[in-house]
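Letter by letter, the chains look like this.
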Amino acid sequence: MKFFGFAAGVAASLTLLSTTSAFAVTQISWWHAMTGANAEVVDKISKDFNASQSDYELVPVFKGTYPETLNAGIAAFRAGQAPDILQVFDVGTGVMMAAEGAIKPVAEVMTGVAMSFDKSQYLPGIVGYYSKPDGTMLSFPYNSSSPILYYNKDIFQKAGLDVNNPPKTWNEVWEAAKKIKTSGAAPCGYTSTWLTWIHLENFAAWNDVSWATQQNGLAGGDVELKINAPIFVNHFQALADLAKDGTFKYGGRTSEAKQIFLAGECGIFTESSGGLGDIVKSGMNYGIGQLPYDSDAKGAPQNTTPGGASLWVFGDKSDEQYKGVAAFFAYLSKTDVQEYLHQKSGYLPVTLAAYEATKKSGFYDKNPGRETPVLQMTGKAPTDNSKGVRLPNLPQVRDIQNEEFEKMLAGQQTAQQALDNAVTRGNAAIKEALEN
Amino acid sequence: MAPQLAITLVFFYWPAGQALYQSMLRQDPFGLRSRFVWFANFRKVLADPAYLNSIQVTVVFSLATAIVAMCVALLLAVMAEKAVRGKGLYRTLLIWPYAVAPAIAGMLWLFLFNPSIGSLAYLLRSLGIAWDPLLNGTHAMILLVSAAAWKQISYNFLFFVAGLQAVPKTLIEAAAMDGAGETKRFWTIVFPLLAPTTFFLLVVNTVYALFDTFGIVHAVTGGGPGKTTETLVYKVYNDGFVNLILGDSAAQSVILMAIVIALTAIQFRYVERKVHYG
Numbered sequence: 001m002k003f004f005g006f007a008a009g010v011a012a013s014l015t016l017l018s019t020t021s022a023f024a025v026t027q028i029s030w031w032h033a034m035t036g037a038n039a040e041v042v043d044k045i046s047k048d049f050n051a052s053q054s055d056y057e058l059v060p061v062f063k064g065t066y067p068e069t070l071n072a073g074i075a076a077f078r079a080g081q082a083p084d085i086l087q088v089f090d091v092g093t094g095v096m097m098a099a100e101g102a103i104k105p106v107a108e109v110m111t112g113v114a115m116s117f118d119k120s121q122y123l124p125g126i127v128g129y130y131s132k133p134d135g136t137m138l139s140f141p142y143n144s145s146s147p148i149l150y151y152n153k154d155i156f157q158k159a160g161l162d163v164n165n166p167p168k169t170w171n172e173v174w175e176a177a178k179k180i181k182t183s184g185a186a187p188c189g190y191t192s193t194w195l196t197w198i199h200l201e202n203f204a205a206w207n208d209v210s211w212a213t214q215q216n217g218l219a220g221g222d223v224e225l226k227i228n229a230p231i232f233v234n235h236f237q238a239l240a241d242l243a244k245d246g247t248f249k250y251g252g253r254t255s256e257a258k259q260i261f262l263a264g265e266c267g268i269f270t271e272s273s274g275g276l277g278d279i280v281k282s283g284m285n286y287g288i289g290q291l292p293y294d295s296d297a298k299g300a301p302q303n304t305t306p307g308g309a310s311l312w313v314f315g316d317k318s319d320e321q322y323k324g325v326a327a328f329f330a331y332l333s334k335t336d337v338q339e340y341l342h343q344k345s346g347y348l349p350v351t352l353a354a355y356e357a358t359k360k361s362g363f364y365d366k367n368p369g370r371e372t373p374v375l376q377m378t379g380k381a382p383t384d385n386s387k388g389v390r391l392p393n394l395p396q397v398r399d400i401q402n403e404e405f406e407k408m409l410a411g412q413q414t415a416q417q418a419l420d421n422a423v424t425r426g427n428a429a430i431k432e433a434l435e436n
Numbered sequence: 001m002a003p004q005l006a007i008t009l010v011f012f013y014w015p016a017g018q019a020l021y022q023s024m025l026r027q028d029p030f031g032l033r034s035r036f037v038w039f040a041n042f043r044k045v046l047a048d049p050a051y052l053n054s055i056q057v058t059v060v061f062s063l064a065t066a067i068v069a070m071c072v073a074l075l076l077a078v079m080a081e082k083a084v085r086g087k088g089l090y091r092t093l094l095i096w097p098y099a100v101a102p103a104i105a106g107m108l109w110l111f112l113f114n115p116s117i118g119s120l121a122y123l124l125r126s127l128g129i130a131w132d133p134l135l136n137g138t139h140a141m142i143l144l145v146s147a148a149a150w151k152q153i154s155y156n157f158l159f160f161v162a163g164l165q166a167v168p169k170t171l172i173e174a175a176a177m178d179g180a181g182e183t184k185r186f187w188t189i190v191f192p193l194l195a196p197t198t199f200f201l202l203v204v205n206t207v208y209a210l211f212d213t214f215g216i217v218h219a220v221t222g223g224g225p226g227k228t229t230e231t232l233v234y235k236v237y238n239d240g241f242v243n244l245i246l247g248d249s250a251a252q253s254v255i256l257m258a259i260v261i262a263l264t265a266i267q268f269r270y271v272e273r274k275v276h277y278g
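Here the protein sequences line up with chains A and B, keeping their order. Quick note: the first sequence, position 325, residue 325 per full-length UniProt numbering, numbers continuous. Quick note: the second sequence, position 16, residue 16 per full-length UniProt numbering, numbers continuous.
Worth flagging that the hints you see were computed from the coordinates, not collected in a lab. Where is the CB? At the ideal position from N, CA and C, for every residue including glycine. Accuracy of the hints is not assured; some may be wrong.
Said to hold, decoys possible - If you want a taste of the chain A side facing chain B, the calculated C-beta under 10 Å gives, among others:
#1 I103
#2 A107
#3 G160
#4 G221
#5 T414
#6 E435
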C-alpha cells in the first residue's frame, strides 16, 4: 500500500510538473558573432529584455567569427536544429535570401502575431538593404556600419597639412598622402581596410555609379559586374601607382590595415565606423572625416551602403517562439535600447527616433565625427546604384577581387587588367552559383 | 562485430561514403535543392586552373617543408651527438617546439615576420630586402615553409638522434683508422645506415605538410597573396566553408582521399622493399 501511495504521489507531481511547464517561459536562442565590447552589448540587451517581461527567455550564444556563425547556422539547419535567431554578416545576406524555404521574413514575424509593424520608423538606407525588391523586410538590422576616413592629427601637423580639414576627395587624399610621405612625417601616406567593401562597393554607391547590373544584384536575376568602368580603373590605377613607392600601403584583405594605422605608420586611413573603438583605445590624436569621393563623379557624394550584420529568423518554428522573437525585435527597436547600442558600440542606430534622441542629448557635440557615418548613410535617398550590393556568392566574388588586387599591387598587372579579370572571373562564378 | 570494426565503420567509412555522395551532388548551402550530377563536379574541379595551381602550390610547399625540416633536424642531431656536455638538456630543449599547436606556430612566425611590427622583418629590411609577404608570393611561401618546417624539426630531430645512436661505433672507428675524414665517414657510413629513418621521416613529413598544415596556412597567409599559397587542403576549406560550394569541396576531398590511398599503396608496395632495414 505504501508503494502505491508513493507511486500515486509521483504521478500526481509529474502531472503537476507537466502542467506548470506549459506555463514556463519559452526559450529563444540567438546565435551571434560579437566579441569584446560588442559582446557585452549583446549580453546587456539580452539580460534587460529578459528582465522586462516574463514570457520569454532570450539565450544569446557566441558562435565564433561571422563566417563561422553563418556556417554553424547552416549546419544546424541541415541537422534540423536551427536556432531561432541567427546573426549573419552583410556578405552573407545574399546566401540567406536565396534560402527562402529556410527563413521567415522579419516583416512576417512581426505582423504574424498581430503586432503593428511600421517600417518607416527605421533608417531607409539600412532597411532597404535587408529587404526584397518588393519591399518586404527580410532580416532585422542589428549592427550597421559605414566606412569613414580617419587621420592622424600629429602626422598631419608634421607634414604641414591642415589638421582640421581632412581630404574630401580621393585626389585630395592622394595629394595629402604624397605630402606625408615626401615630408617624412610618416613612412606611408594612406592605407585602407576592406578594399572590396570600401573601394568597390561603397565607392560605387558614394559616387552613384553602377557596381553591377540589376541594381547591383538587388533586383535579382543574372547579374553582371560593372567594376571595370573607367572611373574604377582610374581609381585603382592611382592606388597601384601610389603603392609603388609605399605612399599607399596594403594591409590585407579584411581589417589588418588597422594595425598599420595604429602603429603610426600611415597618416590617413579608411575603415568601418565600427572600428572606432580600437582607435579611441589607442589614445591616438585622431580626426574623422567622411568617406572621400571621386571629384569626376557627377552625383557624388550620394550615400554609403551598410556593412555589419543583421538578425535572421529561421522558418518552421512554433507560433509561441515567433511571438517571442517579435517581442525581442520590438524591444530592440525601442529608442533607449538603440541609443545605448549606438553610443556604446559605434554602430549606427536603426531607428530614426534613436538618432534624433542621440542628437538631442548632445552626444554628437561631445563626440564629433560619430554622426558622420549616419549622415553618410542617410544624407540622400538611395538610388539604384546605392542601395547596397547583393550576390548569392558575394564572399567568393570578393575573394576573386582581392586576388586580382594583390597581383596588381605587386606590380604584376595594371588596374585595367586586374578589374577586367575580376569581372570575367566574377561573372563566371555568379553564373555558376545561380545554376546550383 | 568487433568494436574496432564498428569504430572504423562509423568514423571512417560512413563519413567517406557521405563525402563521396556529396561530391556527386550540386546543392545550395542549406540543402533545400539538390541535383545528382554524377561526375560533373570532378570534371569541373579538374578543369579549374585554380585547382591545378593549387596542386602545384601543394607540391612545392610539401617538398620544401619536408626537405627543410629534415635537413635542419639532421644537422642538429649530428651536432647533438657531438656535444660532450649538456647533451640531455640540448635534446630536451630541441623537442619543445613539437608541443606547439600549428596555428600558434603560425601566429608566432607571422608576428616575427609581420612587415610593420615583426622583429625579423625589421632585420630583413635593414639588410635591404623589401620584405612583403602580403603582396609577394615567394615571400609568403618562404614564411609558410619556415613556420611549417620549424614545427616539424623537433620530431625529426628525435628520430635522427635515435637513428644515429643505432649506427655501430665500430664501423665508424674502423673507417677512421683507415683514414676517412669526418665528412667522408658521414656520407659513406652514417648516412646510408640512416636510410630507413630518413625514408620513414620523408613519408611522415610529406603527409604532415600535405594534410596537417591547415592551421598554419589559415593563420599565416589565408591562401594569399592571389592564390600563391592556397594548398589543396586549404582550398577544400575555402570552397566549402567560405564560398559554400559544397559539391566542389566534396569532390576535392574525395580526390585528396584517393591521393592518400595511392601514397600508402606506393609506400607499402614499392619503396618499403627497397630500403634496407639494418
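Here is how each hint holds up against the structure:
| no. | hint | in the structure |
| --- | --- | --- |
| 1 | I103 | holds, 9 Å |
| 2 | A107 | violated, 20 Å |
| 3 | G160 | violated, 25 Å |
| 4 | G221 | violated, 17 Å |
| 5 | T414 | violated, 15 Å |
| 6 | E435 | holds, 7 Å |
In summary, the structure is inconsistent with hints 2, 3, 4, 5 from the numbered list given earlier, while agreeing with the others.
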